[in-house]
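**Q** If you read the protein sequences in the order shown, they are chains A and B.
The opening residue of the first sequence carries number 5 in my numbering; numbering runs sequentially from there.
The opening residue of the second sequence carries number 5 in my numbering; numbering runs sequentially from there.
Read the hints as simulated data drawn from the structure, not as lab findings.
Some clues are possibly wrong.
As the list claims (entries may be wrong) - Distance condition first, Cα-Cα at most 30 Å in a straight line; then the derived DSSO-like pairs of lysine-lysine:
no.: 1; chain 1: A; residue 1: Lys69; chain 2: A; residue 2: Lys317
no.: 2; chain 1: B; residue 1: Lys404; chain 2: A; residue 2: Lys404
no.: 3; chain 1: A; residue 1: Lys438; chain 2: B; residue 2: Lys404
no.: 4; chain 1: B; residue 1: Lys242; chain 2: A; residue 2: Lys424
There are 2 protein chains.
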Amino acid sequence: MTVSVGSISGSSKVYTEGGVPLRRVHLTTGEHFDLYDTSGPYTDDNATIDLEKGLAPRAGVVRDKGTQLQRARAGEITAEMAFIAEREGMPAELVRDEVARGRAVIPANHHHPECEPMIIGKAFAVKINANIGNSAVTSSIAEEVDKMVWATRWGADTIMDLSTGADIHTTREWILRNSPVPVGTVPIYQALEKVNGDPTTLTWEIYRDTVIEQCEQGVDYMTVHAGVLLRYIPLTVKRVTGIVSRGGSIMAAWMLAHHRESFLYERFGDLCDILARYDVTFSLGDGLRPGSIADANDAAQFAELETLGELTKIAKAHGVQVMIEGPGHVPMHKIVENVRLEEELCDEAPFYTLGPLATDIAPGYDHITSAIGAAIIAQAGTAMLCYVTPKEHLGLPDRKDVKDGVIAYKIAAHAADLAKGHPRAQERDDALSKARFEFRWHDQFALSLDPDTAREFHDQTLPAEPAKTAHFCSMCGPKFCSMRITQDIRDAMDQKSLEFAEQGNRVYLPLSS
Amino acid sequence: MTVSVGSISGSSKVYTEGGVPLRRVHLTTGEHFDLYDTSGPYTDDNATIDLEKGLAPRAGVVRDKGTQLQRARAGEITAEMAFIAEREGMPAELVRDEVARGRAVIPANHHHPECEPMIIGKAFAVKINANIGNSAVTSSIAEEVDKMVWATRWGADTIMDLSTGADIHTTREWILRNSPVPVGTVPIYQALEKVNGDPTTLTWEIYRDTVIEQCEQGVDYMTVHAGVLLRYIPLTVKRVTGIVSRGGSIMAAWMLAHHRESFLYERFGDLCDILARYDVTFSLGDGLRPGSIADANDAAQFAELETLGELTKIAKAHGVQVMIEGPGHVPMHKIVENVRLEEELCDEAPFYTLGPLATDIAPGYDHITSAIGAAIIAQAGTAMLCYVTPKEHLGLPDRKDVKDGVIAYKIAAHAADLAKGHPRAQERDDALSKARFEFRWHDQFALSLDPDTAREFHDQTLPAEPAKTAHFCSMCGPKFCSMRITQDIRDAMDQKSLEFAEQGNRVYLPLSS
Numbered sequence: 005m006t007v008s009v010g011s012i013s014g015s016s017k018v019y020t021e022g023g024v025p026l027r028r029v030h031l032t033t034g035e036h037f038d039l040y041d042t043s044g045p046y047t048d049d050n051a052t053i054d055l056e057k058g059l060a061p062r063a064g065v066v067r068d069k070g071t072q073l074q075r076a077r078a079g080e081i082t083a084e085m086a087f088i089a090e091r092e093g094m095p096a097e098l099v100r101d102e103v104a105r106g107r108a109v110i111p112a113n114h115h116h117p118e119c120e121p122m123i124i125g126k127a128f129a130v131k132i133n134a135n136i137g138n139s140a141v142t143s144s145i146a147e148e149v150d151k152m153v154w155a156t157r158w159g160a161d162t163i164m165d166l167s168t169g170a171d172i173h174t175t176r177e178w179i180l181r182n183s184p185v186p187v188g189t190v191p192i193y194q195a196l197e198k199v200n201g202d203p204t205t206l207t208w209e210i211y212r213d214t215v216i217e218q219c220e221q222g223v224d225y226m227t228v229h230a231g232v233l234l235r236y237i238p239l240t241v242k243r244v245t246g247i248v249s250r251g252g253s254i255m256a257a258w259m260l261a262h263h264r265e266s267f268l269y270e271r272f273g274d275l276c277d278i279l280a281r282y283d284v285t286f287s288l289g290d291g292l293r294p295g296s297i298a299d300a301n302d303a304a305q306f307a308e309l310e311t312l313g314e315l316t317k318i319a320k321a322h323g324v325q326v327m328i329e330g331p332g333h334v335p336m337h338k339i340v341e342n343v344r345l346e347e348e349l350c351d352e353a354p355f356y357t358l359g360p361l362a363t364d365i366a367p368g369y370d371h372i373t374s375a376i377g378a379a380i381i382a383q384a385g386t387a388m389l390c391y392v393t394p395k396e397h398l399g400l401p402d403r404k405d406v407k408d409g410v411i412a413y414k415i416a417a418h419a420a421d422l423a424k425g426h427p428r429a430q431e432r433d434d435a436l437s438k439a440r441f442e443f444r445w446h447d448q449f450a451l452s453l454d455p456d457t458a459r460e461f462h463d464q465t466l467p468a469e470p471a472k473t474a475h476f477c478s479m480c481g482p483k484f485c486s487m488r489i490t491q492d493i494r495d496a497m498d499q500k501s502l503e504f505a506e507q508g509n510r511v512y513l514p515l516s517s
Numbered sequence: 005m006t007v008s009v010g011s012i013s014g015s016s017k018v019y020t021e022g023g024v025p026l027r028r029v030h031l032t033t034g035e036h037f038d039l040y041d042t043s044g045p046y047t048d049d050n051a052t053i054d055l056e057k058g059l060a061p062r063a064g065v066v067r068d069k070g071t072q073l074q075r076a077r078a079g080e081i082t083a084e085m086a087f088i089a090e091r092e093g094m095p096a097e098l099v100r101d102e103v104a105r106g107r108a109v110i111p112a113n114h115h116h117p118e119c120e121p122m123i124i125g126k127a128f129a130v131k132i133n134a135n136i137g138n139s140a141v142t143s144s145i146a147e148e149v150d151k152m153v154w155a156t157r158w159g160a161d162t163i164m165d166l167s168t169g170a171d172i173h174t175t176r177e178w179i180l181r182n183s184p185v186p187v188g189t190v191p192i193y194q195a196l197e198k199v200n201g202d203p204t205t206l207t208w209e210i211y212r213d214t215v216i217e218q219c220e221q222g223v224d225y226m227t228v229h230a231g232v233l234l235r236y237i238p239l240t241v242k243r244v245t246g247i248v249s250r251g252g253s254i255m256a257a258w259m260l261a262h263h264r265e266s267f268l269y270e271r272f273g274d275l276c277d278i279l280a281r282y283d284v285t286f287s288l289g290d291g292l293r294p295g296s297i298a299d300a301n302d303a304a305q306f307a308e309l310e311t312l313g314e315l316t317k318i319a320k321a322h323g324v325q326v327m328i329e330g331p332g333h334v335p336m337h338k339i340v341e342n343v344r345l346e347e348e349l350c351d352e353a354p355f356y357t358l359g360p361l362a363t364d365i366a367p368g369y370d371h372i373t374s375a376i377g378a379a380i381i382a383q384a385g386t387a388m389l390c391y392v393t394p395k396e397h398l399g400l401p402d403r404k405d406v407k408d409g410v411i412a413y414k415i416a417a418h419a420a421d422l423a424k425g426h427p428r429a430q431e432r433d434d435a436l437s438k439a440r441f442e443f444r445w446h447d448q449f450a451l452s453l454d455p456d457t458a459r460e461f462h463d464q465t466l467p468a469e470p471a472k473t474a475h476f477c478s479m480c481g482p483k484f485c486s487m488r489i490t491q492d493i494r495d496a497m498d499q500k501s502l503e504f505a506e507q508g509n510r511v512y513l514p515l516s517s
């Protein structure tokens, strides 16, 4: 089993005194530019990775003082909050207050000390999640661990292990012990395996034991489709694409077969007690999310959202952290309403959406259809975006798809950070733009989301090393380079300025007659 | 010299009685679904293409009655307008009225009869443009003709030939004679070649003669950077990326060298007279567009836009059709203001924007950074989107980049059509979603923007032909297929319905206790 190690091109990994990891970009000007980093020890300069052994646990994990939510309410700034404050460049008090209000969550199971603390909330940088996991049809454990490392290398803030095939427990163990980011799961997938795939034979006890098993392993957040109620099922009948959430459809099948209310809903209080013991965060699933543009924002979707609001209050009363999952497939003009309603119904619990895809007509390119929706929904206040890969709706993502999905979502998240006025976001754009304008090609590559691809594309047209310092590029050639001409113009203007100063004229540059 | 011919997978090319081309998707249900088609005779069933000879000219081109704008004002519904009305599924009177108001343009040089008439305006489907063209550094004529055919195959509504190297005239001739879509150019590029690349030696006469040469050849629209005035240049000095438009920087260099106002601005009336004779459409260039997030919506950009508004009125007074070019690089929260200002200052002339990129940090992925901005600006009313390829800022696009750029922009344009409530847009999404839900894999591929890639991705995980009719896919496998479970739920609900009817009960589905 091997994974990608080594620093990102043009950067090295550094840690602050507080232990916060940074990707330090070394500019050709002699300066450096530090970036938020999710890649864990795999990108350390002298990384020694032993996957069998797992990552070293961080010190200071407290197991007996309750959840981050409970401790924030008590006024405490935990070690995790202090770490996050430095990581985000925000005051520790803000981190504590946002957690206390339930507007942010810190998914950090006491049993997952390998994880570097991070925060999900709209006051902070927008986060992205990458789904991995094998299915009955394909994929192996080694591939999934490799995908996890690969996804975090390119910027995934959390990982969800959605395995459904054999070896669910073992796959998850490998991922948890080696993941530097929080890991989420959907426990009902494993529960269903335990009953050989027949949803009607599921029981609360089997489900509960599965949740405890995963809590013990160290899962940081769990998707629970407790908002799919029996009376909502008829609302999906006239839909173009019915129920497209696996968890939602499993619970619907169970409810119809037994003609009773969902055990996830009825035993939600018991679930809260379990999750509170480990500080596992709820990710309340949207089992009735739309599966097509036609079904967006319909009665079924919003009925469930109302129930998620009710469950949010119960979870918080138990001191359990909560975030809310959102769609899915939504045309652009219906996106913002999702955020407003979620904030209103769910007390501003962090919203965590899957895309949404802004159109259904581009299978094979759903990282793009959904990056459009993701950027818009994040600008409106969504705290974390679940990526969609080019293979969505068609097949399981391979390594290339995982990277394509992560990069597309880093773009969406960053575009939203910019639009929200996040100061660090603007600084990075400015640094890269300045490098571009000054023909510092190496710096432009190093500051980008994917230095390898940027350099490779440049080399395809102008491979020679001198081209990396050339004051033009292949698009326009030397004669037409607007940026070179602009530099000449500035020189000319400086000269004019000088003349102006000498002449004492008040017009900076004479206007045309 | 060879180009791609043959129908798009799962479709055949048909023509209406009015000669309007359609991509007819043949569904496995026995029905068909017709799509707007830009690909020209190259996708005809028995295409016989002779690039040396060029495409057959369409009949009925009238050369002596003035421009589409003048004829629309006179109340005439031209042959082009009738064709477009059928192509867009809109009343011919609406086409005429939008053209008469200057809210839409029909770029159709009398000397380019190979072109299938199309319209650019916010009342119609959002259009996309693909840039091609060789530079001094690389590329050949054959490659550019191939890219033109390739781009229109995947949906480019217009092509811009941005060649700057040798053989500009000949390259353009090959493209024009073989292009089924309108062709745009930036005449100053060729004018600069004529003075060996020194902008300061340009003259009005050289520029004018170049414009006439291109009008005679059949260019349908021309980018003219007549809004860059001498007094605006100082506004760019403190920018992070100065002037990034080639045309803008060339004119700025000329003005500074001669210390005079732009000849494009001063001789704009003469230009109008020339373009009116051929019905060539102005694309008023944004020579001061922002080249980075930092420079978006600044004083230089909006000063030029105001001048473009002034020029729009002059062009219209001469009976010349006009559209307005827009940025560029703009963070999401500043995008909509561009459309509002353009509409206000330029009498709602069609807006034609380059992206905009919503962030600068992802060179190598600027088709995505810009598709986000493009979708948003199109939703706000932009009529045509100029694509950006993955190679933007790094190198010249090859065949793959052209397709990636076109598909990303078809996604953005279509997402905007959906958000604007275009009825045909919604129908296509619904048809594809329904095929997806019913496991009609072949139909899902055929209805998509890129059937080849959709099929290839599906085959990578489940290659066998039986998988194309399987009622599950590789993502979840048979046990976890939410869509299969939903079908089962519907069957169960139908049974319940039946029982309900027999019992005369008024509750559709009993609620949980």
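**Q** Are the hints correct? Go through all of them and say.
**A** These are the hints, each one checked on the structure:
1. Only pairs whose Cα atoms come within 30 Å are accepted, and A:Lys69 paired with A:Lys317 is accepted, the gap being roughly 21 Å.
2. Proposed proximity of B:Lys404 and A:Lys404 is supported: the alpha carbons are some 17 Å apart, at most 30 Å.
3. In summary, the hint linking A:Lys438 to B:Lys404 is supported, as the alpha carbons are separated by about 29 Å, within the 30 Å threshold.
4. Distance check on the hinted pair: B:Lys242 and A:Lys424 sit about 24 Å apart at the alpha-carbon level, within 30 Å; holds.
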